[in-house]
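Enquirer: Residues per chain, in single letters:
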Amino acid sequence: MKEFLGFVKKEFLHIFRDPRTLVILFGLPIAQILIFGYVIRNEIQDVKIAILDESKDPVTREISNRILASGFFQLEQNINSSDEVEKIFKRGRVREVVIFEPGFAEKLEKEGTACLQILADASDPNSAKMIVAYTQGIVSTYLQELNSNMKASLIIEPRVRMMYNADLKSAFMFVPGTMAMILMLVSAMMTSISIAREKETGTMEALLVSPLKPIQIIAGKVTPYILLSCINAVLILLLGYFVFHLPIRGSIILLFGETILFITLALSLGIMISTVSNSQQVAMFISAFALMLPTLLLSGFIFPVENMPKILQLLCYLIPPKYFITTIRSVMLKGTGLLEVWKETLVMISMLTIFLGISAARFKVRLQ
Amino acid sequence: MRTIGFILQKEFRQIFRNRTMLPIIFVVPFVQLLILVNAATMDMKHIEMILVDRDQSSLSRKLSDKFIHSPFFTLVKAGISTSSAEKEMLKNNTDLIVVIPEDFERNLYKDGKASVQLQVDAINGMTAGLINAYASQIISGYNREIVMSAGKNAFVNLAPKNIEIGYSFWYNSELKFKYYMVPGILVILLTIVSMFLASLNLVREKEMGTIEQINVTPIHKYQFIIGKLIPFWIIALFELAFGLVLGKLLFNIPIEGSLLLLFAFAAVYLIAILGMGLLLSTLSQTQQQTMFLNFFILITFVLMSGIFTPAESMPGWAQDVNMINPLAYFMRVIRMILLKGSEFQDIMRDFIGISVFAIIMLGLATWRYRKIA
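Protein chains in written order, with this note's numbering: chain A, 1 to 368; chain B, 1 to 373.
Note that these hints are calculated values from the structure, not bench results. Please note that a few of the clues may not be correct.
Dumping the calculated DMTMM-like pairs for lysine to aspartate or glutamate here, alpha-carbon to alpha-carbon at most 20 Å [unchecked claim]:
| no. | chain 1 | residue 1 | chain 2 | residue 2 |
| --- | --- | --- | --- | --- |
| 1 | A | K213 | A | E198 |
| 2 | B | K110 | A | E157 |
| 3 | A | K87 | A | E54 |
| 4 | B | K91 | A | E306 |
| 5 | B | K206 | A | E54 |
With beta-carbon atoms standing in for the labels, derived distance ranges [said to hold, decoys possible]:
| no. | chain 1 | residue 1 | chain 2 | residue 2 | range |
| --- | --- | --- | --- | --- | --- |
| 6 | A | G6 | B | E88 | 51 to 59 Å |
| 7 | A | F26 | B | R349 | 31 to 39 Å |
| 8 | B | V27 | A | N65 | 55 to 63 Å |
All residues carry an ideal CB built from backbone N, CA and C; glycine is no exception.
Please model the entire structure based on the sequences and the hints provided.
Expert: Printed below as a string of structure tokens:
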């Protein structure tokens, strides 16, 4: 036991004498949460548009004014011919062109109908869709006011309730996701690299001939990272709670229980990676490509799993953070208890067992 | 010149004899491209839905049919009570609950007004907005049908004015999200491989102590830096070419603009990224440190570059920060060239920006690199 404590102390010293890494370890979650909270936005705001008004009458002016006063759009330039569209789209600043046909007000008055064209730069398809929808909305509102002398007819009114997140805050998505990602980074990546480092620099041999048992070496390696991970998890939760007012509706004990389960799971993954890699570079690339990118994209963090092709959905079931993110969202934001998330918990426990089993089988007491 | 040739020979040999790194450099990024492009989709197709029809009238049944036959929704359960439907939502078994209240038909005909309740699981705000839009679309479509069929006599009014709104989506008329994502993911993969490889390579020499052997040779600083950069520069350009071929063959991404222009920009961009990688490696002593520095910078830059969300909708200060974010330049330019066929004068400002960045990075890296241990 005394040897073991000494070993743990060595590991702590390794980490704490390197302030740069420490700063990054705690800076990263803060930076990420803030970026997600304040930078990553999907709203349409101040989109640059161009207007081609071939009739310049009160109606077209009124519609243009409404479009520009909505706060969604900003006039970049007025153009005089549709030949210019191609050129300004290629320059990339203007994302939408609104075209009024000649004699707009007159046609609307006499024939009862006039034409308006919306051209959108759909090289970014999602925002193009929204930009067009918003413009349509503004024009339809104008039209409704124009026709306000209409009699009431049959109206079916949808009453929408946004459950658990009435303001559609994006923090509900990214706080659990960021937590999964940071824990993966600290636990899996750091552990695998630090074990691979001992192998690469040859100090693993020194450890193996010491009176420490292999299990003690591994346990000693992961202890500091468990502590770091826990601090990070709490830090992220506090940030979410105080900065983005994220509610914690479920049981805190369950929340921490699941978090610790996930930390252990990530650590076991890190140990497994280190058993297959002999150098830090290999360990790092495996962690980066096999853990970080899937955590970002296949876990339902940003893109919902249900929208993916069937084969990929099957792949998603193999991604540990998927279960953690689902659990955290349910427990923290919906307030569910263990009864509703026992399946996810069970999957995480079995994954943990499998990873530990593989690592134990592959761990070599001898170097080549 | 000969000295650089020898360094290059050494570097290439080291890269190609590392059997575990080779597949990581050449195979893994493309497997990622395949998987991630398919994963990153915002097309909602299978929205899980529970229908609670408490009216059971002919109108409510017709409305239910509309929902069931919509391609966007998949019916999970029907004919259960509202409270058990809410429990299902708690268990993540459904995204949407549609409740048609009692007296739906009667209210509609009597008061001219009735409501339908939509309960959306809004933990993911973005998809919740879309689900709401799709559901409301179905309801308003059905509404129009009823109004039309409810007799052209009772409910028509004086001919209403109409503005016909035509719209067209340029450069991506089918709104394929893949066309948007493939170039973006290519940029990320390219950046990860080159930045990490370059910075880890130099630190590894430090950690192993072999850097001292190089330091005592008559190799100049600039020769050493060039020798370290060129192999990864060539590998990364090769990866870009390969990635474009894959993107064309598998996802049929449009290549509207000049490939020469794209590669010219990529060449400058890579110098900036490799220079940044080398600079980071001169700032750290161990591979672990470098990795973390790289990781921190990379993830910040990637998220801010506009890969998932348009950079234009970011707040002003974030757009200012993007001035020093090389990924934001390349992300914008690769999409402009590939999807829109933008030409040199369209991207000139970005070109100048990235060139300045490359020069500064390379200068800093050479200046920071000391020939002492």
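Enquirer: Hint by hint, say whether it matches the structure.
Expert: Okay, the hints, checked on the actual structure:
no.	hint	verdict
1	A:K213 to A:E198	holds, 16 Å
2	B:K110 to A:E157	holds, 15 Å
3	A:K87 to A:E54	holds, 19 Å
4	B:K91 to A:E306	holds, 15 Å
5	B:K206 to A:E54	violated, 68 Å
6	A:G6 to B:E88: 51 to 59 Å	holds, 54 Å
7	A:F26 to B:R349: 31 to 39 Å	holds, 37 Å
8	B:V27 to A:N65: 55 to 63 Å	holds, 56 Å
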